[in-house]
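> Those protein sequence lines, which keep their order, are chains A and B. If you read the first sequence in our numbering, its first letter stands for residue 37, the second for the next number, and so on. If you read the second sequence in our numbering, its first letter stands for residue 476, the second for the next number, and so on.
Simulated from the structure, these hints should not be mistaken for lab results. Be careful, since some hints might not be right.
Unchecked claim - Far from chain B by the CB rule (all over 12 Å, computed), these chain A residues:
no. : residue
1   : Thr-41
2   : Leu-43
3   : Ala-44
4   : Pro-113
5   : Gly-167
6   : Gly-180
7   : Leu-240
8   : Val-291
Claimed, not checked - Output of the computed footprint for chain B on chain A, the stretches with three or more beta carbons under 8 Å from beta carbons of chain B:
no. : region
9   : 67 to 80
10  : 232 to 239
To be verified - FRET-style restraints, in silico, Cβ to Cβ:
no. : chain 1 : residue 1 : chain 2 : residue 2 : range
11  : A       : Leu-43    : B       : Asp-523   : 38 to 48 Å
12  : B       : Arg-562   : A       : Arg-284   : 21 to 31 Å
13  : B       : Asp-523   : A       : Gly-201   : 58 to 68 Å
The model shown is predicted, which means the values in this text are computed figures rather than measured ones. All C-beta atoms, glycine included, are put in the ideal place defined by N, C-alpha and C.
Here is what each chain is made of, one letter per residue.
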Amino acid sequence: MNRKTFLALLARDARVARRNFLPLLVQTLLQPMLLVFVFGRVLTSSGMMPVAYKSLLLPGIIALSMLLAGIQSVAMPLIAEFQFTREIEDRLLAPIDVEWVAIEKILAGMLQALLAGLVVLPSAWLLVGKGVELELSHPLEFLGVVLLVALLSSAVGLTLGCSIGQTQIGLMFTIVVAPMIFFGCTYYPWSALAGFPILRRLVLLNPVVYASEGLRASLAPRFPHLPAVAVFAALAAFDLFFLLYGLRRFRRKAVG
Amino acid sequence: MPLAVRTEELRKVYTSPPPLAGPGRGFGSPVRLGRRERRQKVEIVALDGLSLDVRPGELFGLLGPNGAGKSTTVGVLTTRVRPTAGRAFIGDRDVWTDSVAVKRTIGVVPQRPNLDFSLTAREVLLFHGAYFGMAAADRSARARELLERFQLTDRAETLPVAFSGGMMQRLSIARAMMHDPEVLFLDEPSAGLDPQTRLMLWEIVRDYHKRGRTVLLTTHNMEEADDLCDRVAIVDHGRVIALGSPAELKRSVPGGYVIHIEVHPRPASLLRQLERLQGVTEARAAGENAIDLYADRGGPLVPEVVNLALLERVAIQDVRVSEPSLENLFLHHTGRSLRD
């Protein structure tokens, strides 16, 4: 690996992100804030939901925001750059192995996912109002989960970005991303699916489940959640799978 | 020490429909195939055993019609296309196994500008320099100099999305020269440029070459190959069909001049009579109602041709005389015009 080139690629992405700072911020914040306001504020203050739901919702919202931020920041530019202009070649011709160009994208995506989590957590907390009880009893576990979720988001972004054409972006969100989120235990704990035995098992194939459950386990452990070992093992396995698969797809797409 | 560029028996077969934007592919939407068609494997032979030997410090041209394999050759030599068989070298480095070292020594101007559209023109150059490990001060000095030279200084802080085709092309070339590569590849550099910009481009390429650099360009423009290149390889159907300096190549066409005659009808006896005319080396049927006459003279032969046609009771519909050119050479080797 060529360190100077890698850092320059990273600096390039930072420059572009800085230039698009405002739209990025809106993109990161708006959807989670709307969700938090409706589910965490309107429904709880009207008494349709118990106040405790606020604390259950927040970790899920963070998982959701991180995933969307990571996927979008990697997949969207890649889809555009692989189009007929082959903008990606501007970077593929840099003196570095093709895989490292993809790894740089993954790292940049992870950083954006982490930043999204960092921005959404306090904003959501503020918006949701009184009655949130989050605790950080296992900071290392929290850190581990957050890093694995960030990697998951950008590795999934890489895979999607190398598999989808510009005309299918809308479809990607409707048939891939939306079901992953709604069946991803973001708004409810996995145990809430007890009455749906088949669905309960099926959703275990969805990596988002482990992201939400993992964050819930480390921030709001008093709610029922999957055991930490299962969360770590599953996240690590999904990360590895999407990383390797995404890199393979990237190489195939990059070199004709 | 300038570097040589070499390919050995390069073959490239696209087994799936080539990517929408693969090098050398046209625009178009993916075709929806029926089930039976989908089962059949698509095989497009882009390169069919192409061997090249570009000398160090040479300005070399690949000349051929669209789809001849020029862009694929450049794609392989610049690490962007994986060859199906054969090998390619820049200097003594294998392009496929030593691609990072190769990328360091080459600059590439692609057929369609693949600029980084999220950056301003200046940033495109600055980041390109950074990818190649240039120091910050060198980067900005070099970027300033190139922007000036390519008359882009007043647009340096704009995103190139808003640029005209010619400006994008200029920026692409500036980017390729940013890290001062040993070998410069230009794929159809003057396609779509206005004549003025084309002349400026030629000047810049010549200058670069004079500094002892190897330059390989592809073109389907005869004039460009003739004017710029030390040697030219004529490529068709993924193979080299003729190689030499433009002058040598032109001399190799029998007669040099081509007189294209459209007639109605075209009796075989006319072909034989024409071939007997003084100075005519070959008379060839071209298409259904035309004859290509290879000769050492052009205009002066026309009256004799007309006389013969009158004697044979053949109506002449059109006569075109072309002087010795690479175009004629291409026609001679392939039976097709470059513009077909």
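> Does each hint fit the structure? Answer for all of them.
Right, here's what the structure says about each hint:
At roughly 5 Å from the closest C-beta of chain B, the C-beta of Thr-41 of chain A falls inside 12 Å, breaking its exclusion from the interface. The Cβ of Leu-43 of chain A sits about 8 Å from the closest Cβ of chain B, inside the 12 Å cut-off, so the non-interface label is violated. Taking the minimum C-beta to C-beta distance to chain B, about 4 Å, the non-interface status of Ala-44 of chain A is violated against the 12 Å cut. Interface exclusion of Pro-113 of chain A from chain B breaks down, the closest Cβ pair being 8 Å apart, not more than 12 Å.
For Gly-167 of chain A, the requirement that its beta carbon stay farther than 12 Å from each beta carbon of chain B is met, with the minimum near 43 Å. The non-interface label for Gly-180 of chain A is consistent with chain B: the shortest C-beta to C-beta separation is roughly 33 Å, beyond 12 Å. The claim that Leu-240 of chain A lies off the interface holds: its Cβ sits roughly 34 Å from the closest Cβ of chain B, which is beyond the 12 Å cut-off. The non-interface label for Val-291 of chain A is inconsistent with chain B: the shortest C-beta to C-beta separation is roughly 5 Å, within 12 Å.
Residues of the region 67 to 80 of chain A with a Cβ under 8 Å from some Cβ of chain B number 0, which does not satisfy the need for three, so the listed coverage is violated. Counting residues of the region 232 to 239 of chain A whose C-beta sits closer than 8 Å to any C-beta of chain B gives 0, which falls short of three, so the coverage hint is violated. Between Leu-43 of chain A and Asp-523 of chain B the beta carbons are some 42 Å apart, a value that agrees with the proposed interval 38 to 48 Å. The supplied range of 21 to 31 Å is met by Arg-562 of chain B and Arg-284 of chain A, whose beta-carbon atoms lie about 24 Å from each other.
The hint said 58 to 68 Å for the Cβ distance between Asp-523 of chain B and Gly-201 of chain A, and at roughly 30 Å that hint is violated.
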